[in-house]
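*Asks:* Okay, here's what each chain looks like letter by letter:
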Amino acid sequence: MSDLQTLSAQLIDLARKAGAHSADALSVADVSDAIRVRHGVVESVEHEDSRGIGLRAFVEKKEDGKHGLAFASASTSDISAAGLKRLVEQVMVMARISEADPDAMPPVGAVHPDARQMTEWQKHHPCPDSAWSIEAARDAALACESAALGYSDKISNSEGAESGFGSMSVAYASSDGFAAAYDKTSASLSVSVIAGKNDAMQRDYAWDRQLSSTTLRKPQDIGREAAERTVKRLGAGGLNSGSMPVVFEPRVATSLLGHLSSAVNGRAVLQQRSFLGDSLEQSIFPEFISIADDPDHPDGLGNRLFDGEGSRCSRLQLIDQGRLTAFLTDRYAAGRLKTTPGGHARRGLTGDIGIGSSNLVMQAGPLSRQEMLHEIGNGLLVCELIGFGINGVTGDYSRGASGFLIENGEITRPVQEITIAGNLRDMFRGIRHVGSDLTWFGSVAVPSMAIDGITVAGQA
Amino acid sequence: MNPADVQTNAAPANISIADSTLAEMLHAMTPKGADDADLYVQYSESESLALEEGRVKHVSCSTHQGIGARVIKGEAAGHAYTDRLEPAALMEAARAARAIAADTQSRAPVAVHAGEQPHALYLPQNPAFAAPMADRKALLERLDAYARSLDARVKQVFANVSSSFTDIRIVRMDGADLHDVRPLVRLNISVVVEHNGKRETGSAGGGGRFGLERMLQGEEAERLTREAVRLALLNLDAIAAPAGPMPVVLGPGWPGILLHEAIGHGLEGDFNRKGTSAFAGRIGQRVAAIGVTVVDDGSIRERRGSLNIDDEGTPTGRTVLIEDGILTGYLQDKQNARLMGMQPTGNGRRESYAHPVLPRMTNTFMLAGEASPDDILKSLERGIYAVNFGGGQVDITSGKFVFTTSEAYLVENGKIVAPVKGATLIGDGPSVLTRVSMIGNDLELDPGVGTCGKDGQSVPVGVGLPTLRIDELTVGGSEA
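As given, the protein sequences belong to chains P and U, one line each in that order. Under the working numbering, the first residue of the first sequence carries the number 1, and numbering increases by one thereafter. Under the working numbering, the first residue of the second sequence carries the number 1001, and numbering increases by one thereafter.
Hints were generated in silico from the structure; no laboratory data involved. Check each hint, because a few of them may be wrong.
Each computed PhoX-like pair below joins lysine-lysine, with the alpha-carbon atoms no more than 25 Å apart [as the list claims (entries may be wrong)]:
id, chain 1, residue 1, chain 2, residue 2
1, U, LYS1057, P, LYS61
2, U, LYS1057, P, LYS62
3, P, LYS123, P, LYS85
4, U, LYS1057, U, LYS1032
5, P, LYS154, P, LYS184
6, P, LYS85, P, LYS154
7, P, LYS17, U, LYS1057
8, P, LYS197, U, LYS1454
9, U, LYS1155, P, LYS338
10, U, LYS1057, P, LYS85
11, U, LYS1137, P, LYS62
12, P, LYS123, P, LYS184
13, U, LYS1155, U, LYS1137
14, P, LYS123, P, LYS62
15, P, LYS197, P, LYS154
16, U, LYS1415, P, LYS154
17, P, LYS232, U, LYS1274
18, P, LYS338, U, LYS1057
19, P, LYS232, P, LYS218
20, U, LYS1378, P, LYS61
From the structure, some residues in chain U lie toward chain P, with a derived Cβ separation under 7 Å [said to hold, decoys possible]:
id, residue
21, ALA1096
22, ALA1152
23, LYS1155
24, THR1404
25, LYS1415
26, VAL1417
27, GLY1477
These numbers come from a predicted model, not from an experiment. We put the beta carbon where it would ideally sit given N, CA and C, even for glycine.
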């Protein structure tokens, strides 16, 4: 057993001895490096080395004739013997304050992956040793920024290029005897540059993030993409208000899947905080849309064998030919929604367990970007969205946007200082075309989408 | 303030690293040619109780400790962060922070000695000290019952009370040792209402750097609850907001988020030193109408955005950003100030020991004018009166910013016609304040709810505004 596994198991023991009915613990150790260059010289170097442990303990309560389990969560980065003792004391005091919930799901009896599945998983998901040293990361960042700066003489400034790499070890243990640990590495590279001068400046960026530096996009390609995007934005103007079809390129279409993921979150559904809470088994997208939560995809960064409660994860179809077929659930939400636990418990060191998707994968469509623009005729291509104007209860949507005007099937000019607004329910139903350009962004894979009838506000 | 008092008032457990160890680290990490170097020792505790579906069933706490070592030379900075506090790990961190400097000679060793402590703007203690957990639980239960008693359409109540304190110790390159213990509390209520099959939500919150017991006493918690219910019910009747450019009147208080997004970020030293901000090189130029004065002030007693010293040990104070419409200043940390030949303004902040220092806002607001709020509203022929907002965001380089209404009204001929649904307003930072035509006499600061994100780092901030008329802003409604 690793040190972290020993630590997690030890904590559960301590909690049981302190009177806990049951407990589970998550330990994380993180070592990461990041280097940032700007105008060809190193601007910043960061090295981090951290550890932490989170404990959740359940206690039995018998108050006013009510019987049930209450729980609390505590975390610390002080893993000394005194630190662990204090953690257990804190969690027990708080669990006794916390109120029992008749539907509480203690960390006992979850469907865990078995030993064979864990071995198989490790075999198919070897933790690749990051091939990066700080020097290699620096060289990648320099090459990336240099490609961006050299792309065009319209590139006037740089916000720098940054590369990072790290490894994380995670160990989980629960009081029903399940214990597991895994390691995960990551590598990332990003760059942001500026074109134009004074009050006509534009900025854009490009990035990639992978499990290993060996599968990252080439630094030069990331640099050129950032520069090309930036230069294309030069001379952006306004656009008069009106209702029109809007094409979301993959980079911004990810946010639409994010809004879907929040709306099908089992906890939001239970709390009546989702505009899709009453829509199970209904058609909420056109028939050509299918979306799955896939915890075992060769290209996904969100792959996992078990979730934050130790429950085994498996593929779940969320949208099947337009129909909403499932909600994302942990064991608690599944119990109350009377469904099988989906393995979507999301857990960090601090705070409570939440619910989240692993990898969200949408099915690509038949059209190339160009064919899609031709089908649209006139409308707006959105490349960047800012702001937080989403009401999860009603689905009302209003965000700041920039992109390009589409006229007669062609991109004619960059536009900015506009908003796009509608209601997500109408927007989901209003998807007219899906592109063939399925693109992965970490743990979301999404193609371009063209949506009808979105209100654009602005001034030409 | 005596550091010894800080220790007795603060956490029961605390980091203690010997002065000699810190001096040794400084010596090991600081090359002779360094412009700056410091150590940032942090110990934080936080607690949170949350109620949903009538039960306080989410209770959690966390303890976070560690040390950040930093070396600065010219435009470059080396950082190492660790929560391993044994001497060997600390020395390794010190060496890692030195990685940016090629010179092998070290700066002469210094002795760690007490630095000069400025103002004491809040009590240096755990704010939950005098508010037992059982009392906090009782408060949430009381608010749940109260919200449901206000209106039968209230279907769900979510209430959360959280408190934290961060005990920091900054040892600067010259050995000066500075302390700050920063309490922070927050109460939040949100409700879901339902009527005729239609659901809506409303929320309200407040807090600051004071003892949590203040949230348990008096009427403030009830007032916030009424506010959350009022907003949710109001939104049930909201019509679609109009789309397009029009005059907008902003209410006092939290709508000051306009300044935070449109002006504040663009005036942070790093973006201006690098020439990436739409405001770069504009000091001395007119960026707002006559009468518009905007300040950032981190030295207001007990405010959420206030600090005794920033995260580099510089005392906080008031920085005038725009004076009578003219751009006068930037928000600076030490590195950017040095590179620009300016003075640090006490705005160097980091989310924790494990993050780099960046120039950030504290409490950013516009000074009051002379117009009566009523007259300002009456002046609106057709436009939007926006009283409350959710979050906002800005593109520093193009200057385009957004912020989204959570309580707003369509106004015609100076009279409120109807509440409108949440809409994003979009504008251009360097020009939006030139369109200010009336400034109210009713400056208010927000209730203590702001959190600002930059480069993935979150820090608590405040904003403030008097009632303000802007002659044109694009309203992103769905009614074209």
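*Asks:* For the pair supplied as a hint, LYS1415(U) and LYS154(P), confirm whether the alpha-carbon distance does not exceed 25 Å.
*Replies:* violated, 50 Å
*Asks:* Against the 25 Å threshold, does the CA-CA distance of LYS1378(U) and LYS61(P) hold or violate the hint?
*Replies:* violated, 59 Å
*Asks:* Under 7 Å is the threshold here; is the Cβ of LYS1155(U) close enough to any Cβ of chain P for the hint to stand?
*Replies:* Status holds, d = 6 Å.
*Asks:* Would the hint on GLY1477(U) stand, with a C-beta cut-off of 7 Å toward chain P?
*Replies:* Given a least distance of 6 Å, the restraint on GLY1477(U) holds.
*Asks:* Can the restraint linking LYS123(P) and LYS85(P) be considered satisfied, given a maximum Cα separation of 25 Å?
*Replies:* Answer violated: LYS123(P) to LYS85(P) is near 37 Å, above 25 Å.
*Asks:* When you check the alpha-carbon spacing of LYS154(P) and LYS184(P), does it fall within 25 Å?
*Replies:* violated, 40 Å
*Asks:* For a C-alpha distance cap of 25 Å, please report whether LYS1155(U) and LYS338(P) respect it.
*Replies:* The given pair, whose Cα atoms are some 22 Å apart, holds under the 25 Å limit.
*Asks:* Just to be careful: measuring from the Cβ of THR1404(U) to every Cβ in chain P, is the smallest value less than 7 Å?
*Replies:* It holds, given that the least Cβ distance between THR1404(U) and chain P is near 4 Å, below 7 Å.
*Asks:* Checking one constraint from the list: CA of LYS1057(U) to CA of LYS61(P), max 25 Å. Satisfied?
*Replies:* holds, 13 Å
*Asks:* Compare the distance between the alpha carbons of LYS123(P) and LYS62(P) with 25 Å, and conclude whether the hinted pair is satisfied.
*Replies:* violated, 47 Å
*Asks:* Should the interface hint for LYS1415(U) be scored as holding, given a Cβ-Cβ cut-off of 7 Å against chain P?
*Replies:* violated, 23 Å
*Asks:* Check whether the Cα positions of LYS123(P) and LYS184(P) lie no farther apart than 25 Å.
*Replies:* holds, 14 Å
Consistency note: the structure conflicts with the earlier hints numbered 3, 4, 5, 6, 14, 16, 20, 22, 25, 26.
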